[in-house]
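Participant: Here is what each chain is made of, one letter per residue.
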Amino acid sequence: EVQLVESGGGLVQPGGSLRLSCAASGFTFSSYSMNWVRQAPGKGLEWVSYISSSSTTIFYADSVKGRFTISRDNAKNSLYLQMNSLRDEDTAVYYCARDSRIVAAGRYYYGMDVWGQGTTVTVSS
Amino acid sequence: DIQMTQSPSSLSASVGGRVTITCRASQSISIYLNWYQQKPGKAPKLLIYAASSLQSGVPSRFSGSGSGTDFTLTISSLQPEDFATYYCQQTFSTLYTFGQGTKLEIK
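The listed protein sequences derive, respectively, from chains C and Z. Residue numbers for the first sequence follow this note's numbering, beginning at 1 and rising by one. Residue numbers for the second sequence follow this note's numbering, beginning at 1001 and rising by one.
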């Protein structure tokens, strides 16, 4: 079964740090780019970060650039998100999601076709 | 960044009915547009990619259309399990962005 399982969430004070993990199984993890997406309580989805299959390409949303670091260990089938200088507005459920390349009409398109169940991060004093 | 704007923010409809949700991009994104469904307490689910291609396993009552800046998601013959929140997402830019969501409720 194709599966993503996040862990590492919890309660942290403003200015603190937290490291999220995402364990992949049931597919060849090293062949896929991955994303982190978050959802604040009662709000919509916000894309956070992207990492290519070999870690050569990384992108961040402006809201987390300079504070968050995405990484992966293909030998361990794992994705990570190191979150530093946390703020109240970082409170959210954090999902990892597989970035699949899909062929349509002879071109490549991208969609997040596998998601984890999410891990909750609460930033509060 | 490319901004994605959905309308309406919420709507109500009856089982068996038909609804259309609109998504507008702040610049042309060709057909690099996906739709997701999310139910309360659950992770999102990919419904449509490349604006109009149905993800494997998604019922044919879901359809998407559009290109450039204007896109639509249509759900025909609404089923009880379709009442959820729907999000569009652009992947034209490497900084992916989602719309703010459209909550579909039972009338």
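No lab work stands behind these hints: they were computed from the structure. Treat the hints with caution; some may be incorrect.
[Unchecked claim] Pulled a few chain C residues facing chain Z out of the computed Cβ check, cut under 10 Å:
id, residue
1, 1
2, 2
3, 4
4, 13
5, 32
6, 35
7, 37
8, 47
9, 89
Ideal placement from N, C-alpha and C gives every residue a C-beta, glycine not left out.
Participant: With reference to the structure, classify each hint as holding or not holding.
Facilitator: Against the structure, the hints:
1. Among the interface hints, the one on residue 1 of chain C is violated; its C-beta lies about 14 Å from the nearest C-beta in chain Z, farther than the 10 Å criterion.
2. Because the beta carbon of residue 2 of chain C sits about 12 Å from the nearest beta carbon in chain Z, more than 10 Å, this interface hint is broken.
3. With a least beta-carbon distance of about 9 Å to chain Z, the hint placing residue 4 of chain C at the interface is held under the 10 Å criterion.
4. At about 27 Å, the closest approach between the beta carbon of residue 13 of chain C and any beta carbon in chain Z exceeds 10 Å, and the interface hint on this residue is violated.
5. Violation of the interface hint for residue 32 of chain C is found here, the shortest Cβ-Cβ separation to chain Z being roughly 14 Å, above the 10 Å cut-off.
6. At a threshold of 10 Å, the smallest CB-CB gap from residue 35 of chain C to chain Z is about 7 Å, leaving the interface hint in force.
7. For residue 37 of chain C, the interface hint holds, the least distance from its beta-carbon to any beta-carbon of chain Z being 8 Å, beneath 10 Å.
8. The interface hint given for residue 47 of chain C is met, as the beta carbon of that residue sits about 4 Å from the closest beta carbon of chain Z, less than 10 Å.
9. Annotation: interface hint on residue 89 of chain C violated; nearest CB of chain Z at approximately 16 Å, more than 10 Å.
Of the hints listed earlier, those the structure fails to meet are numbers 1, 2, 4, 5, 9, in rising order.
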